[in-house]
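So the protein lines, in turn, are chains A and B.
Counting from 932, one number per residue, gives the positions in the first sequence under this note's numbering.
Counting from 3, one number per residue, gives the positions in the second sequence under this note's numbering.
By construction, these hints were calculated from the structure, which means they are not laboratory data.
In this text, all values refer to a predicted model and were calculated from it rather than measured experimentally.
For each residue, glycine too, the CB sits at the ideal point set by N, CA and C.
Mixed in with the good hints, there may be bad ones.
Pairs of lysine-lysine residues, derived as BS3-like cross-links and limited to a Cα-Cα distance of at most 25 angstroms, are as follows [unchecked claim]: (1) B:K59 / A:K957; (2) A:K1036 / B:K85; (3) B:K44 / A:K1000; (4) A:K1000 / A:K957; (5) B:K44 / A:K1001; (6) A:K1000 / A:K1036.
Under 10 angstroms between C-beta atoms, here's a sample of chain A residues computed to sit facing chain B [claimed, not checked]: (7) I944; (8) Q945; (9) Q964; (10) Y966; (11) R972; (12) H976; (13) R981; (14) A1021; (15) L1032.
To be clear about the criterion: a stretch of chain B counts as covered by chain A if any three or more of its residues have a C-beta under 8 angstroms from a C-beta of chain A, and this derived list gives those stretches [said to hold, decoys possible]: (16) 37 to 49; (17) 96 to 105.
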Amino acid sequence: SQQGEEDPQALSIQEGENATMNCSYKTSINNLQWYRQNSGRGLVHLILIRSNEREKHSGRLRVTLDTSKKSSSLLITASRAADTASYFCATAYSGGGADGLTFGKGTHLIIQP
Amino acid sequence: EPEVTQTPSHQVTQMGQEVILRCVPISNHLYFYWYRQILGQKVEFLVSFYNNEISEKSEIFDDQFSVERPDGSNFTLKIRSTKLEDSAMYFCASSDGNLYNSPLHFGNGTRLTVT
């Protein structure tokens, strides 16, 4: 089955530093999405990158996608304490439009003030 | 900004009881989903719903589960006879297009505790 798997599982950095999280998956995808989850809350969509795209930016976020390696990375630049959260990648299988997203286990990011 | 709302935020029930989890998706959205997250584990897909019928369901979504859109605004998940292993956060999500084009908007979830 196709899966998004993030690494590292946990990351603790100082405020102002950059945070990089990686995601790997197994099968062909239509797109890959990144979501953030604050403790006890729902997931918030951050960015969607299609399989024919290699890089996408949104504010302090930069996402790359390498379909040959079946991997993606999320870079958060100039991190802030408010970025503390869990970050999940999720893949949309290319074989159907109504199937659910497949989420990874997430990276728990802690930004130390 | 419009948001997905879920009620209740926390539901405690005894094993074998029926529970109904309620969701109000964003009003102009057409696709609706339920996901669950067991504590410390992945967010798992349960079911997708479009055009008043189930589009896709996972292996988790067995005969104990059902979904309904009883009116133009609510979207419910029913678990007929709860088991201890149904304890999880249940998230409703909606989108204005399918997964090829549109991100999901999630509610804050219902924490279901089965005792």
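| task | Check each numbered hint against the structure and report the violated ones by number, ascending. | result | 7, 8
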